[in-house]
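Novice: Build out the structure end to end from the sequences listed, making use of the hints.
The chain contents come next:
2 protein chains.
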Amino acid sequence: MNEFELIEKLTRSLPTNKSVVVGAGDDCAVLDLGLPDRLLLFKTDAVVEGIHFQKDTPPEKIGHKALARCLSDIAAMAGTPTAALVTIALPKTFDPALIEKIYDGLNTLARQHDVAVVGGETTTNPEHMLISISLLGHVPRGKATLRSGAEVGDAIFVTGELGGSLAGRHLDFLPRLAEARWLAQHFSIHAMMDLSDGLAGDLRHILKASRVGAELLTTAIPISRAAKLMSRAESSAKPPLLAALTDGEDFELLFTVASKDAVPLMDAWKKEFPELPLKCIGKIIAHEGVHLRDQRGVRPFNVHGYAHFS
Amino acid sequence: MNEFELIEKLTRSLPTNKSVVVGAGDDCAVLDLGLPDRLLLFKTDAVVEGIHFQKDTPPEKIGHKALARCLSDIAAMAGTPTAALVTIALPKTFDPALIEKIYDGLNTLARQHDVAVVGGETTTNPEHMLISISLLGHVPRGKATLRSGAEVGDAIFVTGELGGSLAGRHLDFLPRLAEARWLAQHFSIHAMMDLSDGLAGDLRHILKASRVGAELLTTAIPISRAAKLMSRAESSAKPPLLAALTDGEDFELLFTVASKDAVPLMDAWKKEFPELPLKCIGKIIAHEGVHLRDQRGVRPFNVHGYAHFS
Chain A
1 MNEFELIEKL
11 TRSLPTNKSV
21 VVGAGDDCAV
31 LDLGLPDRLL
41 LFKTDAVVEG
51 IHFQKDTPPE
61 KIGHKALARC
71 LSDIAAMAGT
81 PTAALVTIAL
91 PKTFDPALIE
101 KIYDGLNTLA
111 RQHDVAVVGG
121 ETTTNPEHML
131 ISISLLGHVP
141 RGKATLRSGA
151 EVGDAIFVTG
161 ELGGSLAGRH
171 LDFLPRLAEA
181 RWLAQHFSIH
191 AMMDLSDGLA
201 GDLRHILKAS
211 RVGAELLTTA
221 IPISRAAKLM
231 SRAESSAKPP
241 LLAALTDGED
251 FELLFTVASK
261 DAVPLMDAWK
271 KEFPELPLKC
281 IGKIIAHEGV
291 HLRDQRGVRP
301 FNVHGYAHFS
Chain B
1 MNEFELIEKL
11 TRSLPTNKSV
21 VVGAGDDCAV
31 LDLGLPDRLL
41 LFKTDAVVEG
51 IHFQKDTPPE
61 KIGHKALARC
71 LSDIAAMAGT
81 PTAALVTIAL
91 PKTFDPALIE
101 KIYDGLNTLA
111 RQHDVAVVGG
121 ETTTNPEHML
131 ISISLLGHVP
141 RGKATLRSGA
151 EVGDAIFVTG
161 ELGGSLAGRH
171 LDFLPRLAEA
181 RWLAQHFSIH
191 AMMDLSDGLA
201 GDLRHILKAS
211 RVGAELLTTA
221 IPISRAAKLM
231 SRAESSAKPP
241 LLAALTDGED
251 FELLFTVASK
261 DAVPLMDAWK
271 KEFPELPLKC
281 IGKIIAHEGV
291 HLRDQRGVRP
301 FNVHGYAHFS
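Residue numbers (the numbering used here), protein chains in the order written: chain A, 1 to 310; chain B, 1 to 310.
Keep in mind the hints are simulated off the structure, nothing from the lab.
A few of these clues could be false.
Identical copies go unnamed one by one, so any copy, or any two together, can satisfy a pair.
Stated by the list, open to error - In silico DSS-like cross-links for lysine-lysine, where the CA-CA straight-line distance does not exceed 25 Å: (1) K92 with K55; (2) K208 with K279; (3) K260 with K271; (4) K271 with K9; (5) K143 with K260; (6) K271 with K61; (7) K18 with K143; (8) K143 with K92.
On a predicted model such as this, the values are computed, not experimentally measured, just so you know.
Specialist: The following block contains the structure:
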């Protein structure tokens, strides 16, 4: 049983109540607590030493990354973050200066997005440092962008460039909060999520939730410079296209809109966010699974994204 | 620098925003998101294998404890819990059946309090299992019971019996949610918190936040049967009174009310909660610190409660 299978089994029988609009399985939980115009977003995300960062990672970047990952999930719902709790579990022989620097990185990013850090906990984790962030946000009623709304014929878009994040970007990426809110405000976004486990694997979550498939045009997939350099530098590295399809921690936005909206959206985007590339990488189809189209034709793509347990 | 000193330093410069009513430093953060009649409560709490539970602890009890600790913090604010997120970090060689049983224990308690489990995360922690719970709750405006409201002359109350929780109670205690809400509804509770690190240490948090001191009557402190048995069984064990003052994980309510309310409160409590002892254990005084009164007179008590780092 891998991580996804275990989670699927567990989430089948979770307790629920009348406040739950969307429970487990999307980028954030969506709750209705009676605010007239808004729903609440609730999310938690952890980074672990040795997996998401290393012993020698600059501590400010650890703090930045821990919060940025969670903010990216609020972005995926087109929401606005409000308040965070920070749990740091660390060995007893910790260095207080290190923890302060982790908070420096985290607090700087929090201030940029008007997020209050309202507490948390410092506890012991005997061998490795672990940081878990809990985030509360909100979204206007009717504007939360779920994974389940993709429709056959939709155009599939992705922001930025993909792959090779491990070369450095995974530590200092910026969550696409303003971009996501702008998208939800100006267009009917059918489905959206943030890319954390790799384009192909994450796209499968949208496809499964929406009961559809996707055809991606390989030449349209934006490949990062880092992915290309890594591929050239090492013969054992992934080919660039495979890196863009399967490398984790891109934290870009993946979304679908009706095909009629594709061109107006692209035009408006270029005016609003001239610095951030946006690419139409394919379309939603009825045939389930991820399919790649290149000069040789169409073939199914079966390499999964990164799974913590496999 | 111990845990409390580090936290104090970090919490001095946390980012804040207009939603924050109470930030770091109380049992829960209190947020105003514009609900007309209520404020939100936001809390996170983690349990770690080897510290809060052991490798051979029944998994249902691990799940129960992880959620119960967090619910106890909502109780400390006289609030009602709504939704939880569950982060489980565990070694790659995990047993799926174990995780399911942890969820069984957690879900059973969640259902008892109408708490929805709306997601979370399963990630890798190489050596030990760690479970972090994130909880969202609410409280009527004006009814949140903070640590900062104790006044000179107040009577100090504690529910249940203290000490010796490690003998078993720490795994199956029940959070005092109904009791706390009843207290806040019927009496003017000046200050309240839940006992997690030991009566003496936790009382100091109320005293510090309220800038007052306390005099406890040693003969009034309710000592658990477990604390008495442990003391009798082992000559190296703490004397029972010391156990009641310093053992962690009691998860009872500690609160203060004006002295004029003490007797009416005690009478009403006995009718409402005949099974759960409530004891007046002393009074709030101007002289800072915790002082013990016994047949020999009054002396300061300086043994701190349990600190994770020391």
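Novice: Go through the numbered hints given earlier and state which of them the structure violates, listing their numbers in rising order.
Specialist: Of the numbered hints, 4, 6, 8 do not hold.
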